[in-house]
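**Student:** Listed below are the residues making up each chain.
6 protein chains.
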Amino acid sequence: MLVEFGGTRVLCTASVTEGVPRWRKGSGLGWVTAEYAMLPRATNTRSDRESVKGRVGGRTHEISRLIGRSLRASIDLKALGENSIVLDCDVLQADGGTRTAAITGAYVALHDAVGWLAARKALAGKPEKVMHRSVAAVSVGIVAGEARLDLCYEEDVAAEVDMNVVCTGAGDFVEVQGTGEAGVFARDQLDSLLDLAVAGCTELAEAQRKALSSP
Amino acid sequence: MLVEFGGTRVLCTASVTEGVPRWRKGSGLGWVTAEYAMLPRATNTRSDRESVKGRVGGRTHEISRLIGRSLRASIDLKALGENSIVLDCDVLQADGGTRTAAITGAYVALHDAVGWLAARKALAGKPEKVMHRSVAAVSVGIVAGEARLDLCYEEDVAAEVDMNVVCTGAGDFVEVQGTGEAGVFARDQLDSLLDLAVAGCTELAEAQRKALSSP
Amino acid sequence: MLVEFGGTRVLCTASVTEGVPRWRKGSGLGWVTAEYAMLPRATNTRSDRESVKGRVGGRTHEISRLIGRSLRASIDLKALGENSIVLDCDVLQADGGTRTAAITGAYVALHDAVGWLAARKALAGKPEKVMHRSVAAVSVGIVAGEARLDLCYEEDVAAEVDMNVVCTGAGDFVEVQGTGEAGVFARDQLDSLLDLAVAGCTELAEAQRKALSSP
Amino acid sequence: MLVEFGGTRVLCTASVTEGVPRWRKGSGLGWVTAEYAMLPRATNTRSDRESVKGRVGGRTHEISRLIGRSLRASIDLKALGENSIVLDCDVLQADGGTRTAAITGAYVALHDAVGWLAARKALAGKPEKVMHRSVAAVSVGIVAGEARLDLCYEEDVAAEVDMNVVCTGAGDFVEVQGTGEAGVFARDQLDSLLDLAVAGCTELAEAQRKALSSP
Amino acid sequence: MLVEFGGTRVLCTASVTEGVPRWRKGSGLGWVTAEYAMLPRATNTRSDRESVKGRVGGRTHEISRLIGRSLRASIDLKALGENSIVLDCDVLQADGGTRTAAITGAYVALHDAVGWLAARKALAGKPEKVMHRSVAAVSVGIVAGEARLDLCYEEDVAAEVDMNVVCTGAGDFVEVQGTGEAGVFARDQLDSLLDLAVAGCTELAEAQRKALSSP
Amino acid sequence: MLVEFGGTRVLCTASVTEGVPRWRKGSGLGWVTAEYAMLPRATNTRSDRESVKGRVGGRTHEISRLIGRSLRASIDLKALGENSIVLDCDVLQADGGTRTAAITGAYVALHDAVGWLAARKALAGKPEKVMHRSVAAVSVGIVAGEARLDLCYEEDVAAEVDMNVVCTGAGDFVEVQGTGEAGVFARDQLDSLLDLAVAGCTELAEAQRKALSSP
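Residue numbers (full-length UniProt numbering), protein chains in the order written: chain A, 1 to 215; chain B, 1 to 215; chain C, 1 to 215; chain D, 1 to 215; chain E, 1 to 215; chain F, 1 to 215.
Calculated directly from the structure, the hints in this document are not laboratory data.
You can trust all of the hints, since none of them are fake.
Pairs count within a copy or across copies, as identical chains cannot be separated in the list.
In silico SDA-like cross-links for lysine to any residue, where the CA-CA straight-line distance does not exceed 25 Å:
(1) 53 x 18
(2) 121 x 44
(3) 53 x 33
(4) 25 x 45
(5) 53 x 84
(6) 53 x 11
(7) 53 x 92
(8) 129 x 183
The shape of chain A in the complex, shown without the other chains (with noise of 0.2 Å):
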């Protein structure tokens, strides 16, 4: 599925494996990993190619491992039973926000994966019990000294705090990434961060569900 936050979209794909890594054998674990990449002309100036330098960069590593690590927090393991699912986010075209983008687009893409076993009968649980939360991410930051929601590439490089919130559709925490990048914070201003960054989140579970309920 394609994702699309002002400028910013990603294309999000599922693929499903039988079977699980070798050191998750037998485990009755299900697995699930997310890779992102961004195109060379996905921004502005053209970035060289990751396949072509040879090696995948510090900042995609750790992009592809919070995506992981966050849709693993949607999904009951056991329920999905000895499957593995792969969650490609690919960047098109980036404005800011490209990897709370893919965790938000990610989540619909497990959905539909976990539907597509779930009607091939091939899940270990009760397919209802597989997606055990909803998930889905936004970016905050503090641009002229004003907490905002969703920056663009401008205001992400303006900003003097810059965070990224993955909530679950109840509300609560996932993930938490807060970083002072020209300075540092206060507790009060970390704390009017996590209130817009609730907020978002909450409208961006509705929009989840609509998408899934849509044919």
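Go by the hints and put chains B, C, D, E and F onto chain A.
**Tutor:** Same frame as chain A, now just chains B, C, D, E and F:
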């Protein structure tokens, strides 16, 4: 630009850099190169990312080189002046003929990039001299004993002979690559494939002209 | 310097080079970067060397970037002038909290390196302006429903929530990274973890001051 | 065996292994693959070793794949049975036409290897059925407006059109690869190149027969 | 264990795994291998990490192989049985003679590992038969025309001849590697270096005995 | 030039470049380096290409370094001036003693290259001063209790002690590398191996003189 041929969708972009690689400096000539890649889920079964494997595969290399060579035939590198253009062809969805779709689409992207350079008065020669030939490509093949144009994935797999032909708008050849996947082919079979290919390329040249004249 | 926290031992050194990487030349700004690594036998079961595997893993990349970012918050890069400092953090023995121990120790090593530059009159600004904030880090987590400071390896594995917090000596945040390893966490849990972390960092700031004032 | 064409010398060897790669096991089919490489000083100016650069270049990959594909056309993989043959083509000295010399020499090496398997009664089919077609290759091109056979390095550089053709002993095509290095080519030029190539391959087929019948 | 020779400090550890690499399975023989590495700041000027460079350098490979070979001379691989032992030698601080210090320390670590296997009754032969020879190593060289033992870094750089000698406790040779760094050497010089080396190794064998008999 | 010792055949070439690597510029000194490699089928059973594996193995590195070091002992780098010479030693067929054959052959190739530079008046010193020592190498070993010269592959495998010795034409040592492959060796055994090696190198020096004086 996004090119679609049947079930095949390729995103073609051109990125311009002032200057040329070191080995070409001071020559007065420009440089055009191409990079082809497939998203992991472009095909029906997921393939591993080349960035994760840490090396670009032989097939990818081969196609990138073909696209670059074909497009360099369309442009007067002296008139381009010391500018570099990278053509990125990313296959979002693959159903046969991805390399020929990439060439056909990359021509349009290259033409646009030259137009952009012309508008900035950054070309060495007269703008209308830079793109001195149009270039388009088709795949043809012999399936069940019969010559066919634009093979989809299933036909491609079943083809006895598989051929990619790159032609100019004037019907001359830029590149001819024919291979007997499952057998060999006689001279008269080769002749009928070439006829079919030239006709197909002529139609594409017309479509390219339309695409470039629309705003 | 060798930092010890419980069973965790990290060797932190700072290496100074005159000049900065090419992309930063002429900016008048210095550069601070970090590299984190684990000896193969730092953990209880031997892990393969990344040099032998031929690639730096995602976790290593992620932690190196975190350390570099955290330490850059402590230093005024303009006052540092065009000097580069590499912080090497090598884990000799690991028992939880290696990344936070690395940050806390690297601050002392960085401070020493700046002192060495000051003695050679190689700084652009006044020596006392260069290290404008102290920086320390702790790991906190929720184990068996209870917030705890400085998780050892066994607690870390058992933690429901795991959080790394980097603070300045003044109690402001530089970085907050919390993740629900085995579940999600509510806002009040997050609040109590943050309280615990700030208190822990304040104690470490005092220990750093002592270490730096001793000959 | 050592193949010499003008100033080009290629060492072609065939190595047999019992069994086939894992993905082909149980198919009853054999496997033939090729690896092409150039010694660093095969050309007039030394080129860096690909082992030292850590990656096989695009040109090397492309030629290895062409050789493998061409030779698989000469052999009945079912009659070969589950045996693997690797054809190594190492260019000791290069003066144009290295890939076509490699194909022509590799055919003789492959034939020898099949003879060796026949002597050990390790083939699945009748020995005389295994090598069901002879295969040879030539390079042809248009230099100064004129079609020529077996281009040496200097002609190759000067050629307007460069073409490699792989034919069977019966004069059918296995592979046709023509490229307008410095320009494009018309249908009648293509026709005269193909005539020249078929005649050249026919002569080589005769030379191969002689080489194989001498002790 | 941490070995110290003058300003050189090497951390030597032995890691035991049940079983042997695949190519050795069923042979009844054990396997001992070594990996040598230097921390980036072990020397006075920082050197880049091999993990970051993506390849293990020639010098590192060479020393790792030397350590492995030397230690295999001390152990009866049949009596060890199908167990694998990896010896990690990490140089924390380097001041000449790091490879010989590594061998001398690795012997003690290996002896301990065999003791641990004996306690778990996991050896194929009698425990006292497994470590059938002690092994130690020294560096000797000719500096300013004079033979010297245990060269520090400054002497090593100035040495005309540089030699590493590995001996058993009984005074036999396991390995002799002498090189004329800045010149050549005559037979009588070689003889006096060998005398010095044997004497040095004998002393180290005594020190190893003491280290192993202390609790 | 092609060197043959028994069943061993090594192709040794020298490639000259004006100038030296960056780290040596302005020193007035030249640079000589070597690269050793084996064709995949040089041995009886095929070994994988290092270019395909993506990394140069430890053994290859070790031998390349030995060849470079040995040849640098034969040349006055100051008299060579700021020129670089790469010695490529490619083993076409291996039957023991490939590294010593490579050194012996590379000396002749190096001498030729220096002659070529002399003819172009591109040397810093007097031509007759540049190659100030001849260098040759032999392998010796103890097989079945007896010292032997020039071990072939079968003897090499069976050898209890294996030693490579590089000598000057005057009988001095450049490098001595002895290893107890399957055991240890006493001083008198070492002595008899050295005697044998010096005698062997003296003969080779004579053969080199002849090769260089023939046109």
